[in-house]
Amino acid sequence: MSLLEVSGLSHGFGGVAAIDDLSFAVAEGEVLSVIGPNGAGKTTLFNLITGIYKPARGHILFAGREVGGLAPFALARLGIARTFQNLQIFLAMTAAENVMVGLHRHLDARMLPALFRLPWIARADRRAREEASGLLDFVGLSELGEATADELSYGALKRLEFARALATRPRLLLLDEPAAGLNASETQAIDALIAKVAKSGVTVLLVEHDMKLVMGVSHRILVLDYGRKLAEGSAVDVRSDPQVIAAYLGQAGSSLAQPPSAARRPPAAPPIDVSGEA
Amino acid sequence: MRGPGQHLPGLSRQLPRPAPRTLLALLLPPAPGAGRDPPWLARYRGLFALALAMALLPWLLPNNFFFGVAILVGLNAIVCVGLNLLIGYAGQISLGHAAFFGLGAYVSAILSAQFGWEPALAMLAGAVVVGLLAFVVARPILRLSGHYLAMATLGLGVIISIVLVHETRLTGGPDGMAVPPLRLLGTEIVGARAWYWLVAGALLIAVWLALNLVDSPLGRALRGLESSEVAAESVAIDTVRTKTRVFVISAVFASVAGSLFAHYSGFLTPAEASFPRSIELVTMVVLGGMASTYGAVVGAAILTVLPQALTVFHDYEQVMLGLILMLTMVFMPKGLVPNLALYLKRRLP
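For the protein sequence lines, the chains are A and B, in the order given.
274 is the number that my numbering gives the last residue of the first sequence; the numbers go up by one with no jumps.
501 is the number that my numbering gives the last residue of the second sequence; the numbers go up by one with no jumps.
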């Protein structure tokens, strides 16, 4: 059964279609990567699935339930967690506290018990601290729990956001460019982390420009261009798809490779190595 | 299939459970290398210090005038501790907290003076009325992002202030009204000393509540949404509801302080609910330090005592006040207490 099912999804910004009649499904336990040139609508798709935007048309089904248009916090409660392309860390809090905020939906957040610090709040707090510590271990930040987030390196913050998202105990985890801005070894660590998370049964939807990472970790790949599905399938299928190659490298050989609006594409689209041997 | 109750296996780690060493450890932070404090001690250390300071203070106060100033400090500090939860931790600004203070004071005063209610019960009624009003105002406003709350509370404050001035039949209008003394457990609270201890106790409770709240799931949610609402929502925090809750609790803090003030002073005028008073309260929080409960207490203390001390400058009192504020903002934008803490942290090994 598919955990996430998107059908006929459309969303635009002032007449420009960012997502255009898009349909795809993610199976439970799968790692699906969404790739595409800059401006293809990847982040818009994430923002639609996580409720930041309300879909103009179409349906988003999560675990068989229509969730299009729900508020972000309500979607998070259902088990959808995400990381952000440009970090959204609680900088004034410690690393451990950042992860503890991630545990929010499993804790008692009522006001009166909190004000009087009733016994179960104290107990749950202690358990939360332990769980946060465990999650920091999991992402490789064991020693940094008490450090304030603004003292951490960029790479560490990326992993901290990962830990915070995992703390919600998601069924579906959306990763928006987890390797952006990281060096090769840091990217490798993220790669291993994604594989570890996927192995534990969490379904992963990944947006990433690092093709080596994408090709290695994904079960399937969805290629977007101008908000529409260009191709979908295994790494091998996608890599050899002429339309995909055209979209990335701007080859003018095949007319199929040119979407109707291709004239709008900036001439110097950054070529991305699709071969996976970077 | 994993449900929301389960988690990645083996992810919880046992943390060491440190213990306090001596009685002195209650007040002093551990020496470097001496291990960490247990969480409750780290949380309440300042509270012990505050209790000790307030217990010793009466021996330093020469007469009732000074007791009166100390009582005003305490009452302002209660409002500021609540207001700081809203401004410092949740990042929302209220320009109408004097109105909540005033409304709490007047509900308590009117019910006890004109309807013969037990003052303690009237105080409770004031807190309920203010809490409900705050909820009704905040809920729709906080759905909008941005600083709309500041505008809404500004308007609300002005409205409440006008109502208090014009409802002369109930409030006595600009001339004010007399308020009966507070009775607790069958004894009337009279005299500056008795009131000092009562307000000191109330302040300790207010600080205790605030410290608990800040270090709870709700408090962490607040601090989180202050820095990124998008991220807070992404981890299942209902930001509108969370902000509404803290606004209500901060209004209730102001209301209780207002009621105490009414019964303490025995006389109430609408000036207590005026807009300049609201600004004064915000300034106390900002001066003492955003997101610092003790900062709120310190800010309240300074800006309550300072005008008394500055009377030597006669006409230049307001100028001096303004100057002090400007210098603080330029050299310590985070406020006194957080900057001082940062300084000590850097200086001490």
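None of these hints come from the bench; they were simulated from the model.
There's no promise every hint is true.
Below, computed lysine to aspartate or glutamate pairings styled on EDC-like, alpha-carbon distance capped at 20 Å [to be verified]:
hint : chain 1 : residue 1 : chain 2 : residue 2
1    : A       : K225      : A       : E26
2    : B       : K486      : B       : E432
3    : A       : K225      : A       : E1
4    : B       : K486      : A       : D146
5    : A       : K208      : A       : D237
6    : B       : K497      : B       : D189
7    : A       : K195      : A       : E26
8    : B       : K486      : A       : E147
9    : A       : K50       : B       : E381
10   : B       : K497      : A       : E147
11   : A       : K50       : A       : E26
12   : B       : K497      : A       : E142
13   : B       : K497      : A       : D233
14   : A       : K208      : A       : E173
15   : A       : K225      : A       : D187
16   : A       : K50       : A       : E1
17   : A       : K192      : A       : E26
18   : A       : K225      : A       : D237
Which residues of chain A face chain B? A few of them, derived with a C-beta cut under 10 Å, are [said to hold, decoys possible]:
hint : residue
19   : S3
20   : G47
21   : I48
22   : P51
23   : L57
24   : V63
25   : F69
26   : F80
27   : Q84
28   : L103
29   : R125
30   : T164
Every residue gets a Cβ at the ideal spot worked out from N, C-alpha and C, and that includes glycine.
Cut-off 10 Å, beta-carbon criterion: hint that T164 of chain A touches chain B: holds (5 Å)
20 Å limit on alpha-carbon distance, applied to hinted pair K225 of chain A and E1 of chain A: The given pair, whose Cα atoms are some 14 Å apart, holds under the 20 Å limit.
20 Å limit on alpha-carbon distance, applied to hinted pair K497 of chain B and E142 of chain A: holds (15 Å)
Interface hint status, S3 of chain A versus chain B (Cβ within 10 Å): violated (22 Å)
K50 of chain A paired with E1 of chain A [C-alpha distance capped at 20 Å]: holds (16 Å)
Restraint status (C-alpha distance of K486 of chain B to D146 of chain A at most 20 Å): It holds: about 16 Å lies between the C-alpha atoms, which stays within 20 Å.
Agreement of K208 of chain A and E173 of chain A with the hint, judged by alpha carbon distance not exceeding 20 Å: Distance ~13 Å between K208 of chain A and E173 of chain A Cα, so the pair holds.
20 Å limit on alpha-carbon distance, applied to hinted pair K50 of chain A and E381 of chain B: Holds - the C-alpha atoms of E381 of chain B and K50 of chain A are around 17 Å apart, at most 20 Å.
Straight-line alpha-carbon gap K497 of chain B to D189 of chain B, limit 20 Å: It holds: about 16 Å lies between the C-alpha atoms, which stays within 20 Å.
Given hint E26 of chain A paired with K195 of chain A - CA-CA distance at most 20 Å: Holds - the C-alpha atoms of E26 of chain A and K195 of chain A are around 9 Å apart, at most 20 Å.
Pair hint K225 of chain A and D237 of chain A, alpha-carbon separation not exceeding 20 Å: Holds - the C-alpha atoms of D237 of chain A and K225 of chain A are around 13 Å apart, at most 20 Å.
Hint consistency between K192 of chain A and E26 of chain A [alpha-carbon to alpha-carbon, up to 20 Å]: holds (13 Å)
Checked against the numbered hints listed earlier, the structure breaks hints 11, 13, 15, 19, 22, 23, 24; every other hint is satisfied.
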